[in-house]
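S.K.: Sequence:
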Amino acid sequence: MSALESNFTPEIYQGQFGTFTITDRDRQGVIVYRSALMVAAVSFAIATLLVLLPVSGSERPSPNAIGLVTWLYITFSVAMGVALSTIHIYMVVLHRALQVFWAIGCVSAIGFSLYYREPIGSIVYEHPLTILGIGFTFAALTGIFFKEAFCFNRFETKILTFLVPILLLGHLTNLLTANIEAVLLAVWSGLFFIFASRKAFQSIPDDIGDKSVFDYLEKQK
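Each residue of the sequence shown is one higher than the one before, counting from 30 in this note's numbering.
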């Protein structure tokens, strides 16, 4: 037993199906979840800035910026995978579905990159139909927003739950102008960063939830 474990006295909580305690491992899991969200949000914000701030004398970002967006997208995707592996969701089916969506999005991104031989930012912009594959990653992200909106009534996640699919479907169907897409992308990036930042100051037990429910569901199997 480590010194941290020996000095930490778990508090007993009353859940729906009995009492439970929150362990140091539970707290570490929440910290990993929130850290992953922050990495994903920062990566997304930087990529958005690179895309929306073209070089002088041009309406499009520089090739170096587009290339950097690819690495930022990889970082974002890895962080999303970590967040989805540590998030607490009572509905196991929903949790697994979000993880499957993330996997489909990652495989699609790799496949399209190999097929088009272009940076991921150019692929999504020039070939809107790729949203049908890559968009699954953002569907998983929307699932996180929905869960957070439902559980904690956060204004930013309420907006993002609708904004993300509107932007993706609008780009897929070419119903949105480039200027509108740019505005929506900027709002998405800003609200995502606000969401991740606010999570850092939220009580850790909030993200763990009622462990007695997880125990009950496990026993029902």
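A few of these clues could be false.
[Unchecked claim] Mimicking DSBU-like on lysine-lysine, the simulated pairs with C-alpha atoms at most 35 Å apart in a straight line are:
hint, residue 1, residue 2
1, 228, 187
2, 176, 187
3, 228, 176
[What the hints assert, rightly or not] Pair by pair, the computed Cβ-Cβ distance ranges are:
hint, residue 1, residue 2, range
4, 232, 161, 19 to 25 Å
5, 208, 229, 30 to 36 Å
6, 182, 122, 31 to 37 Å
Everything labelled a hint here was simulated from the structure, so no lab data went into it. Every residue gets a Cβ at the ideal spot worked out from N, C-alpha and C, and that includes glycine.
S.K.: With a cut-off of 35 Å on the C-alpha distance, tell me whether residue 176 and residue 187 pass.
M.R.: Distance ~10 Å between residue 176 and residue 187 Cα, so the pair holds.
S.K.: Determine whether the Cβ-Cβ distance between residue 208 and residue 229 falls within the hinted range of 30 to 36 Å.
M.R.: holds, 33 Å
S.K.: Holds or violated: 19 to 25 Å for the Cβ distance of residue 232 and residue 161?
M.R.: violated, 39 Å
S.K.: For a C-alpha distance cap of 35 Å, please report whether residue 228 and residue 187 respect it.
M.R.: holds, 15 Å
S.K.: Would you mind confirming whether the straight-line C-alpha gap from residue 228 to residue 176 stays at or under 35 Å?
M.R.: holds, 13 Å
S.K.: Measuring from beta carbon to beta carbon, are residue 182 and residue 122 in 31 to 37 Å?
M.R.: violated, 24 Å
Against the hints set out earlier in the document, violations occur for numbers 4, 6.
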